[in-house]
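K.L.:
Chains U and H, in that order, are what the protein sequence lines are. Under this note's numbering, the first sequence is numbered contiguously, ending at residue 161. Under this note's numbering, the second sequence is numbered contiguously, ending at residue 281.
Stretches of chain H that chain U covers, calculated by requiring three or more beta carbons in the stretch to come under 8 Å of a beta carbon on chain U:
#1 4-13
#2 32-39
#3 45-57
#4 103-112
Hints were generated in silico from the structure; no laboratory data involved. Where a beta carbon is used, it is the ideal one built from N, C-alpha and C, also for glycine.
Take a look at the letters that make up each chain.
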Amino acid sequence: MTRITVSVDGVPYTDEVEPRTLLVHYLREVVGKVGTVVGCDTSNCGACTVHLDGRSVKSCNVLAVQADGHEVTTIEGLAVDGELHPMQAAFHENHALQCGYCTPGMIMQAVDLLTENPHPTEDEIRQGMEGNLCRCTGYHNIVKAVAAVAGSTSGEGSGAR
Amino acid sequence: MIPAAFDYVAPTSLEDALAALAQAGDDAKVMAGGQSLLPILRMRLGAPETVVDLGRIEALRGVRDGGDHLAIGAMTPYSDVVADPLVAEHAGLLARAVETVADPQIRHRGTIGGALVHADPAGDVGAPVLALDATLVVVGPGGERTVPAAEFFRNLFETAVGDGELLTEIRVPKHTGWGSAYEKFVRVSHQWSIVGVAAAVRVDGGSIAEAKVGLTNMGSTPMRATAVEQALVGKDDSGLADACAAAAEGTSPPSDLNGDADYRRHLATVLTRRAVRSAMQ
Ligand SMILES: Cc1cc2nc3c(=O)[nH]c(=O)nc-3n(C[C@H](O)[C@H](O)[C@H](O)COP(=O)(O)OP(=O)(O)OC[C@H]3O[C@@H](n4cnc5c(N)ncnc54)[C@H](O)[C@@H]3O)c2cc1C
Ligand code: FES
Ligand code: FES
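Start from the sequences, fold in the hints, and give me the full structure.
P.N.:
Put into structure tokens, the structure is as follows:
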């Protein structure tokens, strides 16, 4: 077992984990952040996307021990005091989900995309979301939701809070 | 899918990493970004006893100006390579190829060194590194040696990096003022190249003075399209098609579900023409 200390959604956790524990399993089963889901389990679908030190990663393809000493933000850490993050609100308003399974990963990747490129074109949104698969929506409303946030906020780093 | 159990070491210096590797012996595996290694461990295609994680060695990260070349640390993530101003100015071809690898999440974790040692023939990093005549720095128990890219790739998933050795740096000669393009052919998003072509050209007075062309997935290792490089010299736009016709000469592309070898040969000529044309602009 290896002792790790990870900040998850702003709260520090110290735990003993097996080195082979995947970050997504640590988040769900030890920390209880079940908002982050496992879709494909092969690093393709992006459903498990979280931020590690502010950059999006597929948490099924990172070991918990690699996150030792680092900061993780999950979908559960986006809303502040019960108020949805603008990207969460935009997904809601634009009907950017059907079953909702891909949504946590989609939103985390969309926030990352706008942090790196606050004013993306539609093509840049599609490219920036290419690591996230949705089996329901056909992507149209997802792209619309991301564009809505990009258009409604101004200035630098509009994706991040 | 969960990997088999392993011991985990996360050294913070190169010396400690080499010592950890020497101590762990045959059953140790180096981990860089883990973006190829972790899927392998999760599918239990590999089950090392010890994983030596290079992720905490800061000295292996970043891009330095080395005078006539750029020195890129093996642990520099793809996304940092793509965003780096020195790479943009002096080795644009590398950025053009690396930005097509996988997806943003994987580019945040995957490293340029990990991709080169992994040496998947469908990987996009080998062809530009080969085309730009890079030199790779390999460190082992016996000290440091440099390997020209042309001698680095040995076979499928096999490079000049031996057991107990580490790739530490990629030295890319400056190609300031060269135009470059990477043409990658895929069926679906965020996937490996069916064929990829990396082209860099130095244009002088409207025609090509020098050309470098690397091919992805046209054989068991990345390759240079030497015949095309020679044929392109002195050509302007009107002469491109003829000069690029020999792109598949001397290659031995695989046949698989994505396309047979003949199809890949055809793709190589078309993509080479597109890459060179776009590099000239
Ligand atoms: C869904 C998905 C899509 C992908 N699509 C593409 C794509 O389109 N194009 C592409 O090129 N790649 C693609 N990849 C692979 C990706 O590029 C990997 O990140 C890369 O191949 C490995 O880099 P890494 O840093 O993650 O290395 P790791 O996975 O950590 O290591 C890879 C191998 O190299 C060895 N190694 C790593 N670093 C060193 C070193 N410094 N010294 C000695 N040995 C070392 C390790 O022991 C291991 O055997 C994809 C991967 C996934 C999961
Ligand atoms: S579950 Fe991680 S990418 Fe699909
Ligand atoms: S809403 Fe069902 S997978 Fe995307």
